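Novice: Chain residues, written in single-letter form:
There are 2 protein chains.
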Amino acid sequence: MEFTINNNYFSKAITEVSHVVSSKATLPILTGIKMEAKPDCIILTGSNSDILIQRTIPQIIDGVQVLEVHSIGSIVVSAIYLREIIKKLPRDIKLTLSDNHYITIQSEDIMTRLNGIRAEEYPHLPMINQTNRIRIYSDKLIDAIKKTVFAVSRSETKPVLTGVNLSFKQDELICMATNSHRFALCKLGIESNVTGSFTVPSAALQEVTKLFHANSMMNIIVSEDYMLFKSDNLTLYSRLIKGHYPDMTALITQSSKTNITVDTKQLLQGIDRACLFASERKNNTVQLTINHSQLKISSKSTEVGKIEETQKIGQLSGEQQVNVTLDGSYVIDALKEMKEDEVSIRFNGSMRPVILEPVGNTSQIHLISPVRTH
Amino acid sequence: MEFTINNNYFSKAITEVSHVVSSKATLPILTGIKMEAKPDCIILTGSNSDILIQRTIPQIIDGVQVLEVHSIGSIVVSAIYLREIIKKLPRDIKLTLSDNHYITIQSEDIMTRLNGIRAEEYPHLPMINQTNRIRIYSDKLIDAIKKTVFAVSRSETKPVLTGVNLSFKQDELICMATNSHRFALCKLGIESNVTGSFTVPSAALQEVTKLFHANSMMNIIVSEDYMLFKSDNLTLYSRLIKGHYPDMTALITQSSKTNITVDTKQLLQGIDRACLFASERKNNTVQLTINHSQLKISSKSTEVGKIEETQKIGQLSGEQQVNVTLDGSYVIDALKEMKEDEVSIRFNGSMRPVILEPVGNTSQIHLISPVRTH
Numbered sequence: 033m034e035f036t037i038n039n040n041y042f043s044k045a046i047t048e049v050s051h052v053v054s055s056k057a058t059l060p061i062l063t064g065i066k067m068e069a070k071p072d073c074i075i076l077t078g079s080n081s082d083i084l085i086q087r088t089i090p091q092i093i094d095g096v097q098v099l100e101v102h103s104i105g106s107i108v109v110s111a112i113y114l115r116e117i118i119k120k121l122p123r124d125i126k127l128t129l130s131d132n133h134y135i136t137i138q139s140e141d142i143m144t145r146l147n148g149i150r151a152e153e154y155p156h157l158p159m160i161n162q163t164n165r166i167r168i169y170s171d172k173l174i175d176a177i178k179k180t181v182f183a184v185s186r187s188e189t190k191p192v193l194t195g196v197n198l199s200f201k202q203d204e205l206i207c208m209a210t211n212s213h214r215f216a217l218c219k220l221g222i223e224s225n226v227t228g229s230f231t232v233p234s235a236a237l238q239e240v241t242k243l244f245h246a247n248s249m250m251n252i253i254v255s256e257d258y259m260l261f262k263s264d265n266l267t268l269y270s271r272l273i274k275g276h277y278p279d280m281t282a283l284i285t286q287s288s289k290t291n292i293t294v295d296t297k298q299l300l301q302g303i304d305r306a307c308l309f310a311s312e313r314k315n316n317t318v319q320l321t322i323n324h325s326q327l328k329i330s331s332k333s334t335e336v337g338k339i340e341e342t343q344k345i346g347q348l349s350g351e352q353q354v355n356v357t358l359d360g361s362y363v364i365d366a367l368k369e370m371k372e373d374e375v376s377i378r379f380n381g382s383m384r385p386v387i388l389e390p391v392g393n394t395s396q397i398h399l400i401s402p403v404r405t406h
Numbered sequence: 033m034e035f036t037i038n039n040n041y042f043s044k045a046i047t048e049v050s051h052v053v054s055s056k057a058t059l060p061i062l063t064g065i066k067m068e069a070k071p072d073c074i075i076l077t078g079s080n081s082d083i084l085i086q087r088t089i090p091q092i093i094d095g096v097q098v099l100e101v102h103s104i105g106s107i108v109v110s111a112i113y114l115r116e117i118i119k120k121l122p123r124d125i126k127l128t129l130s131d132n133h134y135i136t137i138q139s140e141d142i143m144t145r146l147n148g149i150r151a152e153e154y155p156h157l158p159m160i161n162q163t164n165r166i167r168i169y170s171d172k173l174i175d176a177i178k179k180t181v182f183a184v185s186r187s188e189t190k191p192v193l194t195g196v197n198l199s200f201k202q203d204e205l206i207c208m209a210t211n212s213h214r215f216a217l218c219k220l221g222i223e224s225n226v227t228g229s230f231t232v233p234s235a236a237l238q239e240v241t242k243l244f245h246a247n248s249m250m251n252i253i254v255s256e257d258y259m260l261f262k263s264d265n266l267t268l269y270s271r272l273i274k275g276h277y278p279d280m281t282a283l284i285t286q287s288s289k290t291n292i293t294v295d296t297k298q299l300l301q302g303i304d305r306a307c308l309f310a311s312e313r314k315n316n317t318v319q320l321t322i323n324h325s326q327l328k329i330s331s332k333s334t335e336v337g338k339i340e341e342t343q344k345i346g347q348l349s350g351e352q353q354v355n356v357t358l359d360g361s362y363v364i365d366a367l368k369e370m371k372e373d374e375v376s377i378r379f380n381g382s383m384r385p386v387i388l389e390p391v392g393n394t395s396q397i398h399l400i401s402p403v404r405t406h
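Line order of the protein sequences matches chains A and B. If you use this note's numbering, the first sequence corresponds to residues 33 to 406, in order. If you use this note's numbering, the second sequence corresponds to residues 33 to 406, in order.
These aren't lab readings, by the way, just hints derived from the structure by calculation. Source: prediction; values computed, not measured. Incorrect hints may have been included.
Mimicking DSBU-like on lysine-lysine, the simulated pairs with C-alpha atoms at most 30 Å apart in a straight line are [as the list claims (entries may be wrong)]: (1) Lys297/B - Lys126/A; (2) Lys328/A - Lys120/B; (3) Lys242/A - Lys368/A; (4) Lys344/A - Lys119/B; (5) Lys56/A - Lys338/B; (6) Lys44/A - Lys332/B; (7) Lys368/B - Lys172/B; (8) Lys119/B - Lys297/A; (9) Lys332/B - Lys120/A; (10) Lys178/A - Lys119/B.
Construct the complete structure from the given sequences, taking the supplied hints into account.
Specialist: Here is the structure:
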């Protein structure tokens, strides 16, 4: 194996596949990156037990030759050392595999040698029938992930809740996440020959939002155990989480005792301020009180002090007196992912979940259960 | 106490005095900031056992009225809560002390209440005779601190080595720091009616570099136990470290067996690359080898690999064969603080300290002892 490569592209690709590689991996080979030189490209692979990322570097990118393969071959080398050394090298580099167990990296007068492991020892890719495909616009998918993934459970008690549920219909994808106390849902239009419901680990989806470029078409491929996210030169394999995903949609009632609209950004800032005094307890308990045309946001800490502010309500319908105690951080998470100027909030008394929806956008909905304060 | 204040200036001043306030301070009152409203200014004080910062906010800054004091008074409130809430408030604020034990902060429709402690309980300022003054240009002082402070000892075994030694003569200030393995020295011109040698904790000097504005005159005031750094609206009190500071200057020999000059930036980058392979051991051992007109920088890790590069030597005098093993991180620390294009390196064999000096600047010198590799 021997190739000459543009350092910038090489460094970027190594960093991308390194995302999922842990230097503490139990299997030493998984602390490495698999590097394969094919006649017309380089393929880099990094993985952990749940996620595998494969990045191809072609010979030509944007009309510029970035790679020249002199001879083919493959090897696994330490991800962290490869990444750091390539970053610190000043120019295009020549990489040569010697004796099948180390690589030499030459850049100007700098010669680096990195020990390697034979590529044959690297875990095999899962065999996947790639007929079940969904074509999707990357921006839309990334947006739907961001609007739901924060709501997953951090506890391993119910593993299925640590993932985001992706439910495919012929023309629609519904993404859902919940930790039993809050629930986020986002819908988007797709063209699919797949139907079914799959739960994907949140870490894999977080990677999808970081790795895939905006403004391009990508494919989702589904098998029994894996979901693949695929663009021209990049594939992310994610293991699926098995188990029945609970149906939370029944909680989204259209009727409500009180319905208000408020300014999204102002509400976010108000809750953020109130959280300051709420943060010493386990839950960031913030009180929302509606009294006719005003929304009062308040929180209190016996030791430190208290905060209270009033905000204008845009539209108000139904009962004009509401008092509900919420985990302020849940409200902040939901509001942060709303681009719309106004948010509608539906209340059904102080013991029932509050429903937040951006005004003028029915594709996104958030449900937050009240905190029991007694 | 009641005053109205521009939120930006107030927030900035609170953040500055908060630097030295720890939320984990043993004395609860030291987790707070003392706030005093005088007829024509506000004075904020924050401190820990070694450092005290006092910041004055006058009524008018840059021709703009930023403060209006309605009534005088004083209180101590939690630094962290005060800082965070003021940051998050949108506009100018009105602050009122009530019942001598809490303050009310009003900003638009946002009302915050913070509990406080009586200002009388806050530790008194040390009484200092302010006649022993040194006038100094802030840029020069900050520069001299940055060029030495990194070299202090992290170990409390010899407390005096955890500080930077400031030695005042009538027309010169010499700053020195060492951890017994490396030594940094920087000289600057001053006008002083003080002579003597004082050791200041590195943390206090780090604060000086952050707090004091560039491009202004400031004063240093020295007493038996304290050093004060003072500009118009800001005073930092630092406790001094007692004990005899060792004289390292004898180690700076002018004679040398080999003397070379190399490009500062290239050397820094080369050592940085070599450190990558050296970092698994306790010392970042990097080898420098001179062989006639070339400098070889190398390091090796049995497990991972090795790196080797050659750099051009500008001027070479003396013995043409040198081999010395240094802690690469010490070399990096010294080179980072050199603005000059070229650095001169003096060698006295493989067992004696290496001396680094920027070419064309005799005010700064660094000494690094070799690592014993056997």
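Novice: Taking 30 Å as the top limit, are the C-alpha atoms of lysine 297/B and lysine 126/A close enough?
Specialist: holds, 24 Å
Novice: What's the verdict on lysine 178/A and lysine 119/B, does the C-alpha distance respect the 30 Å limit or exceed it?
Specialist: holds, 27 Å
Novice: With a cut-off of 30 Å on the C-alpha distance, tell me whether lysine 56/A and lysine 338/B pass.
Specialist: Roughly 22 Å separates the two Cα atoms, so the pair holds.
Novice: If you draw a straight line from the CA of lysine 344/A to the CA of lysine 119/B, is it 30 Å or shorter?
Specialist: holds, 22 Å
Novice: Does the alpha-carbon distance linking lysine 328/A and lysine 120/B stay inside the 30 Å limit?
Specialist: holds, 17 Å
Novice: Checking one constraint from the list: CA of lysine 119/B to CA of lysine 297/A, max 30 Å. Satisfied?
Specialist: holds, 16 Å
Novice: Check whether the Cα positions of lysine 242/A and lysine 368/A lie no farther apart than 30 Å.
Specialist: holds, 18 Å
Novice: Does lysine 120/A sit within 30 Å of lysine 332/B, going by the straight-line distance between their CA atoms?
Specialist: holds, 17 Å
Novice: Check the hint pairing lysine 44/A with lysine 332/B against an upper bound of 30 Å on the C-alpha distance.
Specialist: holds, 26 Å
Novice: Check the hint pairing lysine 368/B with lysine 172/B against an upper bound of 30 Å on the C-alpha distance.
Specialist: holds, 17 Å
In this structure, none of the earlier numbered hints is contradicted; all agree with it.
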